[in-house]
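Residue numbering for the sequence shown follows the numbering used here, starting at 9 and increasing by one per position.
Bear in mind the hints are in silico, worked out from the structure with no lab data behind them. All of these numbers come straight from a predicted model, not from anything done at the bench. Note that CB positions come from ideal geometry on N, CA and C, so glycine has one too. Take the hints with a grain of salt, since some may be wrong.
[Said to hold, decoys possible] The following label-pair restraints were derived from C-beta to C-beta distances:
1. 218 with 56: 46 to 56 Å
2. 126 with 316: 45 to 55 Å
3. 471 with 193: 53 to 63 Å
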Amino acid sequence: MPAHTTHVPPAEAVTPTEAVAPAEAVAPLLRGIAVLRRLTEAPDGTLSLSALEKTTGLARSTVDRLTATLARMGYVRLDGRDVTLAPRLMELGNAYLAALRLPALLSARADALADELDESVSLAVGDRDGVRFIHQATRRRAMSLSFRIGDLLPAERTAPGPLFATQWTDPDWHRWRSRRAADPADRTFPAVPPRQHPTPDDDFVLRTSTAASDGYALDDQLIEPGLVALSVPVRDLRDPGTGRLACVASVVSHTSRHTAPDLRTTLLPRLRAAVTAMETDLRTAPPPAPGPPRTDLATWTGASKQELGREFVESLARGLTVLTAFGEGRSALTLTQVARATGLARATARRALITLTHAGLVAPAPDATFTLTPRVLSLGFPPLSRTSLPEIAQPHLTALADRVHESTSLAVLSDSGEEIQYTARASAPHVLSARVTLGTRLPAHATALGRVLLAHPQVRARGYALVDEELEAGLRAIAVPVHDRTGRVTAAINVATHPARRTPTACETELLPELSRTATAIEADLRVAGRFVHVPPT
Numbered sequence: 009m010p011a012h013t014t015h016v017p018p019a020e021a022v023t024p025t026e027a028v029a030p031a032e033a034v035a036p037l038l039r040g041i042a043v044l045r046r047l048t049e050a051p052d053g054t055l056s057l058s059a060l061e062k063t064t065g066l067a068r069s070t071v072d073r074l075t076a077t078l079a080r081m082g083y084v085r086l087d088g089r090d091v092t093l094a095p096r097l098m099e100l101g102n103a104y105l106a107a108l109r110l111p112a113l114l115s116a117r118a119d120a121l122a123d124e125l126d127e128s129v130s131l132a133v134g135d136r137d138g139v140r141f142i143h144q145a146t147r148r149r150a151m152s153l154s155f156r157i158g159d160l161l162p163a164e165r166t167a168p169g170p171l172f173a174t175q176w177t178d179p180d181w182h183r184w185r186s187r188r189a190a191d192p193a194d195r196t197f198p199a200v201p202p203r204q205h206p207t208p209d210d211d212f213v214l215r216t217s218t219a220a221s222d223g224y225a226l227d228d229q230l231i232e233p234g235l236v237a238l239s240v241p242v243r244d245l246r247d248p249g250t251g252r253l254a255c256v257a258s259v260v261s262h263t264s265r266h267t268a269p270d271l272r273t274t275l276l277p278r279l280r281a282a283v284t285a286m287e288t289d290l291r292t293a294p295p296p297a298p299g300p301p302r303t304d305l306a307t308w309t310g311a312s313k314q315e316l317g318r319e320f321v322e323s324l325a326r327g328l329t330v331l332t333a334f335g336e337g338r339s340a341l342t343l344t345q346v347a348r349a350t351g352l353a354r355a356t357a358r359r360a361l362i363t364l365t366h367a368g369l370v371a372p373a374p375d376a377t378f379t380l381t382p383r384v385l386s387l388g389f390p391p392l393s394r395t396s397l398p399e400i401a402q403p404h405l406t407a408l409a410d411r412v413h414e415s416t417s418l419a420v421l422s423d424s425g426e427e428i429q430y431t432a433r434a435s436a437p438h439v440l441s442a443r444v445t446l447g448t449r450l451p452a453h454a455t456a457l458g459r460v461l462l463a464h465p466q467v468r469a470r471g472y473a474l475v476d477e478e479l480e481a482g483l484r485a486i487a488v489p490v491h492d493r494t495g496r497v498t499a500a501i502n503v504a505t506h507p508a509r510r511t512p513t514a515c516e517t518e519l520l521p522e523l524s525r526t527a528t529a530i531e532a533d534l535r536v537a538g539r540f541v542h543v544p545p546t
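Sequences and hints are given; from them, build the entire structure.
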């Protein structure tokens, strides 16, 4: 990596990270990362184009080109003047989580412990002087944990923080103290409320020393009143001499259920037992088998540039695709391996890695390999990790309704299996059209949606259901299934029309291809969004 940096002249506004970037860094890639981070910090992952221009300091024409490129990649959705994070962006965070392997190996243990204790359980990794969540098993209560996977918290306000700090170096402590001095209210951590009463640095130093001797740590309402947590380190014992922290497991509750000392007294033995099992899982897990790399990425970005011209920022797209070269069985890659996995020229891959390292998303190792850092989760993962199936489906349903000029809906099967419940819909501009309120329930056997979800033999064989004026005179509907990443039918979508507008044959020849195309698009987003998080069906 080059040691020197370049200072960009202020002719066009630049991001702070870009202003001190290495000379070989790719400026459009840094600007695109800045756009994604501003969207991640925004409520609901949405900002207007003018707000992005203001918060990034970039020219409007630059913002337009960056967001057009991200939209082409499926990472954001453009809706008029608004830009919204899209589920496909989660493939970047998925690459980090897959390379890390911890969620795949340990999440079942965390979920089982949450069920046993009837409390929320989380897994977290250290991210410089902060703590970032990689798994959450949350209890459904009126007062429940609201942290999301990928959220970053200041180490000193958490239970895992002191455990990670036991392995900090002097430069780590210096960086922590500098951050505390520059941001005493923790306003650079949007996942936590601002600090009202700053504590002395010595308090965290003492908590770290205590955690090192006790082997656990407590959070007694450090984040906000009422929130308490107990944490135990999960160590990677494949190399016992290092005692390296793989992650930290925590039980999180509130003071109406447990005080912090009560957590330690009543739950510490069970948390430690679960952690012991996790460490055994880490030690005995077979090496991962790497999947096939996506070598067509460079070809795709080149074709997109040729099609869209100046509106497609190829260097941004190629830089972000480098992150997807990593994954299970590909946790550490050399420059040559990154170039081969993406199909990029070696020089292009090298500049992308330099840029991503400067942005804190990639870390170089002494053996000439590179690894992803937890900071990859800062690119949209926290808000998107709470996405539901109706939210994933809605833009696709809207686009379908615009194409076919008919109303379309998403529904799931009720717990009884006798009714369908409508969970998302898009209307068509007709005076006479199907209008169903969200939450409405109808008999499953009398609807196309229900027959798909019930999967009667003929429906299963054809892959769709057509219902002609059975539920109501003047209503004709055709529906297809939506599968989750395991192949299970989790929902169905339909198009409803009036018999005067389309015959049954027209429904099959005109509507069915568009309906199937929409289901495929929803399933693609669902596969990405549901890889490491639970996507609620309603």
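Subject >> Those earlier numbered hints the structure runs against, lowest number first >> reply: none
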